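The listed protein sequences derive, respectively, from chains A and B. Here the numbering used here is used: position 201 in the first sequence is 201, and no number is missing along the way. Here the numbering used here is used: position 322 in the second sequence is 322, and no number is missing along the way.
None of these hints come from the bench; they were simulated from the model. Note that the coordinates shown come from a computational prediction; the quantities given were computed from them, not determined experimentally. Treat the hints with caution; some may be incorrect.
[Claimed, not checked] A few chain A residues that face chain B, going by a derived Cβ cut-off under 8 Å, partial list only: (1) Gly38; (2) Asp40; (3) Leu105; (4) Gly129; (5) Pro131; (6) Val214; (7) Leu234; (8) Ala248.
Even glycine gets a Cβ: it sits at the ideal position worked out from N, Cα and C.
Number of protein chains: 2
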Amino acid sequence: MTTTDSVHPVAPEDVRRVTCIGAGVIGGGWVAQFLARGYDVTAWDPAPDGEAKLRRLVDAAWPALTQLGLAEGASRDRLTVAPSLEEACAEAQFVQESAPEKLELKRSLLAQLDAATPAGVVIASSTSGYPMTDMQTEAADPSRLLVGHPFNPPYLIPLVEVAGGERTAADAVAWASRFYEVAGKSVITMDRELPGFIANRLQEALWREALHMVANGEATVKEIDDSITEGPGLRWAFMGPCLTFALAGGEGGMGHMLDHFGPSLKSPWTRLEAPELDKALRDAMVDGCDEAAAGRSIADLVAERDQGVIDVLRATGRLPGQKDAQRGDAA
Amino acid sequence: MTTTDSVHPVAPEDVRRVTCIGAGVIGGGWVAQFLARGYDVTAWDPAPDGEAKLRRLVDAAWPALTQLGLAEGASRDRLTVAPSLEEACAEAQFVQESAPEKLELKRSLLAQLDAATPAGVVIASSTSGYPMTDMQTEAADPSRLLVGHPFNPPYLIPLVEVAGGERTAADAVAWASRFYEVAGKSVITMDRELPGFIANRLQEALWREALHMVANGEATVKEIDDSITEGPGLRWAFMGPCLTFALAGGEGGMGHMLDHFGPSLKSPWTRLEAPELDKALRDAMVDGCDEAAAGRSIADLVAERDQGVIDVLRATGRLPGQKDAQRGDAA
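Bound-form chain A, shown alone (with noise of 0.2 Å):
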């Protein structure tokens, strides 16, 4: 990232106007957001049926934003659809873009959004993977360009990661984690350019992982499906797995997590092959831990997990006497 700063026209808590390019699932589900958090919304969508899905999208959302609280003043009525990329930015205080996940496409939209944008106005992409350098080429101002990455549905999942490319201004960067974090989000800043920054990489592997065991006829997308609700993401909910795995050490936390299963990582349990389990990875894991239980005890944790879990298993319809009403309901 340059060190050169740009000039905002407008302070992240200031901003009133948000423009969103791209309607589709992830670019109408940030118009979902704005507009619940009292942002005026402008719209563009190439698509012909694009404002009628739009629509569609907000409608659909709109329960589950009003449950969570709605800002003052938020409105459907404060969407407006423009008839153009040029009129959808012209009055920009913020701009997030969401196109299909094309390369080229990237690069020349983010051009003309640039040049259609007022100085200084920070345009996001929520490419689910490309590094911002890869992208700004064609900019006249890439200083301004970088990446917003959010998750499905952006309504409702707390998770944005920011990043910059090699051109980007740090304070643009800066401003672009302080107004996420105003419009309700929750941000990781990375200080590097990452393909599938952080989540989507674990995610991935995950992912992948479920692919080849489909491909390979080892296991059905149901099972898969069920092995994670039933299991580890019952966790993953509230804990990370890195705090949940020191909980695998018991009283010897991540350490001897490490110890005992570090020879797990020989093993053929994924196609996915391990670094090296060396001394500076083990301090890493372990210090690591500690700073993210920031003091917390491995009792405090285990309590805080088991307390975790079931208040997921009660709010998701999972406890024994529930689970019984739903089996009944099945049968």
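Put chain B on the given structure of chain A with help from the hints.
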């Protein structure tokens, strides 16, 4: 698996006495689960401080289990710690082995358990990934040995993966699957041996990618954990990765998702190489999602997912209002 029927002295529904061998994190977790479901539990562990650790673990789990609802007559007083493996197994109606993950140890221990346990009683191993075929080599009666793989903590995470080895009797597998269901677990019965079974293959792929990222300094432990709990993990608590990804395809579902994101399988988003996305695999994924959806439309699934995410966010204290309160605490 052999098709020879073995004779079980007790029906799965009539089991009263369960033996747990090994009383670490997993073995102790099984003890807590069986006690909470009202069984008499006999445990054995060779460690000098095994009993003290076990009783601490059960005490730590008991509030959670009480909250979930104990079975009639369930009591921690129904735990007996036996002075020897032989005494622990002498009157067992089911044996769960949870020794350290070392193949030679498992082989000889399972042979010892087989020698000490009444004829016909099923003996299950908690192994994280060894195929039973590799572990049952030294036992006089391998037909009753099988894998019953739980997730940590076994007293809260419902999933148990059940799989026999080449010399396991098919009816022992059926008996065990039924027994675990009666004991309150959610069972996937596998029809083949697969190293790591299903869920561990999925989470191991994710875990290895996480280790690579830490080893390369690409992400911290905390970023990895946050990327899951604030992102895909929220969905996986109640909707598996396949159905979740189907919803990324919008109204076109899994077919549209694969057509759109299929090229991403060639991207370096993880160290795991993807399988060829040919017509057979595409069809298997689309058909598999239809089966898993069991008649629910895409719109139904979107509504279910949205409600699920909201319920999980609320249950784990992360709705906007709750989150602001937390932020206030942290500040």
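So, going through the hints one by one against the coordinates:
Nearest Cβ of chain B to the Cβ of Gly38 (chain A): about 12 Å, over the 8 Å cut. The hint is violated. Residue-level restraint check for Asp40 (chain A) is violated (minimum Cβ-Cβ distance to chain B is 20 Å; threshold 8 Å). Checking Leu105 (chain A) against chain B by beta carbon gives a least distance of about 12 Å; that is not within 8 Å, so the hint is violated. A least Cβ separation of about 5 Å between Gly129 (chain A) and chain B falls short of the 8 Å threshold, and the interface hint therefore holds.
Interface restraint check for Pro131 (chain A): the shortest CB-CB distance to chain B comes to about 10 Å, outside 8 Å, so the restraint is violated. A hinted interface residue such as Val214 (chain A) counts as satisfied when its beta carbon comes closer than 8 Å to some beta carbon of chain B; here the least separation is about 5 Å, so the hint holds. Using the Cβ-Cβ criterion of 8 Å, the hint placing Leu234 (chain A) at the interface with chain B is satisfied: the shortest such distance is roughly 5 Å. The beta carbon of Ala248 (chain A) is positioned within 8 Å of a beta carbon in chain B (closest approach about 5 Å), and the interface hint is therefore held.
Violated hints for the displayed structure, listed by number in ascending order: 1, 2, 3, 5.
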